[in-house]
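Novice: Listed in order, the protein sequences are those of chains G and L.
First residue of the first sequence: 14, per our numbering; consecutive thereafter.
First residue of the second sequence: 1009, per our numbering; consecutive thereafter.
A portion of the hints provided could be inaccurate.
[To be verified] Facing chain G, from chain L, some residues (calculated, C-beta under 10 Å):
1) 1080
2) 1083
3) 1171
4) 1381
5) 1394
6) 1397
7) 1399
8) 1410
9) 1414
10) 1425
[Stated by the list, open to error] Only pairs whose alpha carbons sit at most 30 Å apart, straight line, appear in this in silico DSSO-like list of lysine-lysine:
11) 120/G x 309/G
12) 120/G x 1351/L
13) 1400/L x 1101/L
14) 123/G x 1438/L
15) 120/G x 1101/L
Just so you know, these hints were derived from the structure itself, not from any lab.
Note that the Cβ used here is the ideal one computed from N, Cα and C, for glycine as well.
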Amino acid sequence: MNLTLLIVVPMLSAIAVLLVPNRQQVKWLALAGASVQLILAFALLVIYRNEVAAGNTAQMFFQQQYNWFPSWNISFHVGVDGISVAMILLTAFVVIAGVLVSWNVEKMTKEFYFLLLLLSFGAYGFFISLDLFVLFFFLEIAVIPKYLLIGIWGSGKKEYSANKLALMLMGGSALVLVGLLGVYFGSGQHTFDLLSLSKISIPVKVQMICFPLLFVGFGVFTALFPFHTWVPDGHSSAPTAGSMFLAGISMKLGGYGCLRVATYMMPEGAKEYANIIIILSTIAILYGAFATMMQKDLKYINAYSSVSHCGFVLLGIGMLTKTAITGAVMQMVSHGLMTALFFAVIGMIYERTHTRQVNEMGGLLKKLPFITTVLFIVGFCSLGLPGLSGFVAEMTIFMGSWEHPDTFHRVATIAACMSIVVTAVYILRAVSQTAMGPIKESYNHLTDATWNEKAAAIILLVGIIAIGVAPFWLKDLISPGAEIIMQKISLVK
Amino acid sequence: MNDFFTILKPELIITFIIFLLLFIKIGKGTTNDVLLTLIQLLLLLNFIAGFFFNTEGSLFDGMYFSNPLITLQKSILSLGVYLISLLFADWFKKTQHLPEFFILMLAALLGMNFLISSGNFLMFYLALELASIPVAAMANFDLEKKISSEAAMKMILSSAFSSGILLFGISLMYGATGTISFTALPALLTGSPLQIMAFVFLFSAFAFKLSIVPFHLWTADVYEGSPIAVTSFLSVISKGAIAFVLVSVLYKVFEPMQAVWYNMVMLLSIITMIVGNLFAVRQQNIKRFLAFSSIAQVGFILVGVSGNSPDAVAAVVYFILIYVFSNLAAFGVAAAISSQTGKEKIDDYKGLYQTNPLLCWVLALALFSLAGIPPTAGFFGKLFLLTAGAAKANYLFILIAALNMIISLYYYLRVIRSMFMDKNEQPIEKINIQPSTKMALVICAAGVILIGLLSWVYDYIHEMV
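Bound-form chain L, shown alone (with noise of 0.2 Å):
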């Protein structure tokens, strides 16, 4: 019973946040300004319960698991929602309905916490539900714009579909194997033409959530719809925890089959690196461009995923820490400016440099990470991944990921010359910055800096692999 508390922490500790928030809710109202220092702080414990009172084990017949590593990577996530709840603190202030916001991203976050966890397919499903549902609720925050209940609409139809799918795949895979847990599948799994279907409609879900082209097709709406808040929470805590549960599934599952899937992961990479980039060239929209962007740092997280070894999973899981940082930082500093200013074009950024140097450092910074270029975290990041796939001598693949990093670094490079060249009459005024979101984006900008130099981030991961 014992262990039943201590394995289960991360998701008790999230439900009684929930919880908690549901009885402020019900109870007197308090000011925004309060109620959200509380839920930063409850949340800043939440990331550092994390690296206590951790055990390893599975509960519910093996329903659910947990390793050291599982335990790393939903602190990664915990620690991703802390910093969002930092960093947009201008929006959240000015929001009516502040807790049911909250709930909804933990009840998210609990989900997610339960699919990395999971171990099989059942819970697998149930807990994507609980991932997903939320999101489409959040992503109609902005309830007096019509393009936000546009996102939720685009968004709640996308995910039913490819829950749709997820459900077929599963029932093609328990018709072909007789049974849904992780742990006595890969026994079973032969590469007979139904067991493949069936793994192509499982791996349709995963490329839904993770936007993999050609499943990508609602993420540029969604993103520009969403509040940003929403927005970064889907790119990066969303992507990230699909991307943990896609790693394992495929390494522990479908091991097996690896010479099935190799082959349709690199293709799929590669697809998905050229559409996303090619398509976020032409962006004008600062949270379009940023979707577009993160489609293609997908394609990239897939190349590392097609190494299959140990180093893959370390190297994935550095990619989407650093990602985290980066990712929100420059979330962060597009919420910033466009709370105060409303403008969301890239266009809009000329001149930034001479009225808020500091924030286009910050911002340099960070896509300087999402480009891979030293001495940002995003350099090793993304060396890691390619050294992960190159394990398997298949230097094309690694050369097309290279050379798409060309293209990559030519889009950030158009926000870097609106700021830092582009000459602006009237650029955006000095913004006024939130205590907290200033606290964000330093705690963001060291990161983006330091987890590449320190390399005991990584030894750490990789000890944990």
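So here's chain G without its partners, still in its complex pose (with noise of 0.2 Å):
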């Protein structure tokens, strides 16, 4: 399959929301190109799995390759392995459930759709890149759409939360580019090319120096504790579709980059400061589940919420085994599902009741029948339900950092299992607080969802439910891409 469509395609559609005239059709044509965005994500997936099933065991797939600058070496060179593959089924969903719940955007729509599909054009492109300059390139892209989707559509200190968030996120890649140049000169190889870059080893003291700056850095965007302060100012001020697109995208390029370019192709220092990844990693699952605990604002409880859930996905790469590391990356996909649809359901019913305090609602299972379903089955799929990918991705970990028999990955284990106790005590009051009791009088001419708002939550549902019944099928497809990775650590003394 010829991987460069999944950038061209989102490309295109953004220039061509700019050229139409009217409201209806910059909505209509956003969707189009939403739907071609999972038409070809599934077809990869397809495609992918034939190729595996056929006995292709190439390390990564569907491989592309141009000179771009070639001066510096440089070349647009793209191609899949199971990990981003799963990462790209998740934007795709993402993108489409995002596209949807924006439906009423009334404010400069152009505008808004045009920067939701360009953030999507950075995530593609981000997923795909195996050269850490195109690599680089695309997670900068993603930088400004969302400052702008917070400025100019978000709610509350939206200007502060804006700055806040581009700052940060700025000053993330700030410490992923001097990472990526000391890697370029480090090395001696001269070369971005991810796959030519891991098959030497970098020099170990090189890799002292430039993995916690390439840690650090992709951190930033995964909420690594303590650079996760932008998390909840961003999300809680961001538009819907914004706060989808935040956390169930946008962090997960972190994620990703964490484990695929800073562990990869460094183990002996991922080795090294695994210890304190975990330590980092578990003060963000509690830090954040007991900062959940006190918000009274739905998206705030999200948000924080989120700053747990990510913690799981560095605590999972840290623990550097091949459970944790595929359960790390179905967190991703899982989290980037959930979240998604959480935000979706929370714009739902801000929009109805103006209101994201807690406290202030009630009794709205019996105006908004599916709204407040969903939204139990989000946060069933939060607190680790079983049948829910919550429960599927979060268990992998857990099995996988048990397989370390020591007091210390013991005891950072045992630690982040509590915190699952506090996000149900945070998740059960929220939604019992939201859904049941008595029904305000001034919301009983509520109103339940409209069809593209049912479309965007069934989207999303479909997903979650598909990993929690069925998870083999997502790890059969992370754990080729989680082995690689394990033979470059394993071969560290």
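Using the hints, put the two standalone chains together into the complex.
Specialist: Shown next as structure tokens:
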């Protein structure tokens, strides 16, 4: 399959959106673009599985390479493995749901959809690129759309949040940039090509400097403690689709980068710093969970719980076992779908009640049966109910973590497990306060979800349930990629 | 003799245009409209001519030399001047002394061309004077504004001061080595204290012209007081020319003293970036804002300069090419707004997107390019500068530069925020843009997007090095 289609389609639909005159056409064009993306992602999944079934054991499938800046040895090199396919699927799901949820955006509709599609362009490009320069290019492309989405269509202290987000993410990418340049020169190869860099072993001295730079840099994107502070502000101020993209796609760029770039290229560095990663991610998991307990605003609840859930991703990577890494990627996919759906539901409720304060709601189940049911499901997914994706992913991480017999890893694992109890407390409290009890007078006229909202919710629900009920297809997709990363790590003494 | 004309072609063409304008001035008066169109045409021809019949070689006993890279650098400057003639049409049409303005501007451009080609410190000094004195006169061109004459005064005084320092440096250098020829100097440089002293003086003169901190104090006032056309000439064309010649002097002439100047360039780069950025954060006037941001950009150029490799030369030239497009686009939008409404404050831009969406996108593209955000060309320019600098494996330096990009993003976003996000009861009304300005803005915007993505532009430059 031609992977460049994955970036050409979003780009073309973004440009097309700018060119058509009226709002209706803009919306339908964006939806068409997002649907094509979803079809492409599914086609990629099918073709990839067929290739694997046919016995193709290449490390990266469907590779394409074009010279870009030959004097710097930069080439436009793309290719995917199972991990990237999983992330691309996630992106396609979130994009189409995001487009559907924003159906009623009145203000500057054209620009809104343009930025959404531009963001998806950056995300796809990031997940398919095998050249670190190209990867960095796509990573940064996604920053400005986020800034504008929050700043223009956001609510609350939106300018502050938009600024904070843009600057912190830029800070992250500045660290990534220095780390990449360190690898470029320090490896002695003068190349940004991921595959050629992974074949050699980068000098340990360089790894000791560049691994933390890259890991922390990407970590900022995925709410690595203590660089998580943009998450609550950014998510809560963003418009619904913005929060969905931020939590569902953008935070996953960081996790993917930590795994694919930092850990894969520099296994010695990863081993050296693994304990610090585990400590920081355990803190993030617990701190995020306890901080959520204190929140009254639905968006803040989900934002802080994202910090906690993304902590699991980094915990899985820090554990450096095949099962844990597989679990980390599953957690990325699961959390992406789940949190996008959570934000979508919050957006739907907010549009009707005009408040996001939990204590001002109540009894919504009577008036909004569809929306509140989805809220229940997504809440259960968040607290790890078996049968939904959250359980599968977190369980895999715990299994992988438990493979380490020493006390340190055990303590970290148990501490992380404890957070699930806290999660259950805040999720159940928030959901029950919203949905049950007596309904307020003023909410009696509320109407349930419209067709577009239902479609968005169902699309994401399908993903969550598919992973929860039949996790093996996702595990089989991811584990060959995790295996290759583990092979490199296991060579380290 | 034939060589004389082809090697000296760029300078001869500019001289010819200057004479032509003189004759037009002496003859019967024509309207500014006709005259401006004529000038624009001539400048376009001048730019195009830069690509044909180029010969390498040196003249006047090595005082003047030319090679493909130098020709390319001259073309970049000519392109900048052509864009300036298009962008500020509004202001040009109102000005009383249009031919004089362009005579001065072309004289300065002539000086810059000689500067880039100079092979001897004498030539260097003369060319530098020719490149700076007309600019001081240009700064005074808003004749009825006091602030404009103040800018001219500051400009001429500081440039006289820096010339003094330069001459002192040159004489010390002559005293220490007995020569002022660029080709003979490297063999005689031993890094003795006197030579280092001479080098420091020479470098200070560069620092003045490039407004490297701590020699930047004249910049903001001059930029604010001068007409925007002059400000943009100063910040883009002047800076570009001096950066070109700085690279060639450091790499060719002072190569043996590399250990000395690497540390100097690194320290100055760090201070320049930090001071430029921190001061830009507080500015309200868009011209002052761009002045400080251009100081910070020079800090970035120095990161690349510290690399000392052919890649670094290519990166600097490439960055300047991008800088021409992005900075001129920013100045162009600012000029269009200020010439119709007189508003120059960043707060005045609040709600501009409601009334002038296209203008806003152009300014946003330009600012993103200055901040180094993809997919604009500035991203590639900055990245290559950093890559060139990183070849020295001084990662702390590169980290400081990368972190400075965050500060710069902060203040560029301030403008974006004013335009796109802040509400305003009475935003600036729909602005009428001159056709030629419109064309130049389109060229700039296209350049900002395409120069980065189309990698052959960089390859072309890299081949010349």
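Novice: Would the pair residue 1400/L and residue 1101/L pass a check requiring their Cα atoms to be no farther apart than 30 Å?
Specialist: Violated, because 50 Å separates the two Cα atoms, which is more than 30 Å.
Novice: Hinted pair, alpha-carbon criterion (30 Å max): residue 120/G, residue 1351/L. Please report holds or violated.
Specialist: Holds: residue 120/G and residue 1351/L sit about 27 Å apart, inside 30 Å.
Novice: Given residue 1410/L was flagged as interface, is its beta-carbon under 10 Å from a beta-carbon of chain G?
Specialist: Since the shortest Cβ distance to chain G is 4 Å, the answer is holds.
Novice: Would you check whether residue 1080/L satisfies its interface hint, that is, whether its CB is within less than 10 Å of any CB in chain G?
Specialist: Residue 1080/L check fails; min Cβ-Cβ to chain G is 15 Å, beyond 10 Å.
Novice: With a cut-off of 10 Å on the beta carbons, see whether residue 1399/L makes it to chain G.
Specialist: At 6 Å from the nearest chain G Cβ, residue 1399/L passes the 10 Å test, so the hint holds.
Novice: Within a Cα-Cα threshold of 30 Å, do residue 123/G and residue 1438/L meet the stated pairing?
Specialist: At roughly 20 Å apart (the allowed maximum being 30 Å), residue 1438/L and residue 123/G satisfy the hint.
Novice: Using the nearest Cβ pair, does residue 1381/L come within less than 10 Å of chain G?
Specialist: Where the cut-off is 10 Å and the nearest Cβ of chain G is about 6 Å from residue 1381/L, the hint holds.
Novice: Tell me if the interface restraint on residue 1397/L is satisfied: Cβ within less than 10 Å of some Cβ in chain G.
Specialist: OK, holds: residue 1397/L within 10 Å of chain G, min 9 Å.
Novice: Please verify that hint: residue 1171/L, Cβ, nearest Cβ of chain G, below 10 Å or not.
Specialist: violated (38 Å)
Novice: Take a quick look at whether residue 120/G and residue 309/G sit within 30 Å of each other, Cα to Cα.
Specialist: holds (28 Å)
Novice: For the restraint on residue 1083/L, tell me whether the closest CB of chain G is nearer than 10 Å.
Specialist: Violated. Min distance 20 Å.
Novice: Has the given pair, residue 120/G with residue 1101/L, been kept, meaning a C-alpha gap of at most 30 Å?
Specialist: Roughly 39 Å separates the two Cα atoms, so the pair is violated.
Of the numbered hints given earlier, the model fails hints 1, 2, 3, 13 and 15; all others are met.
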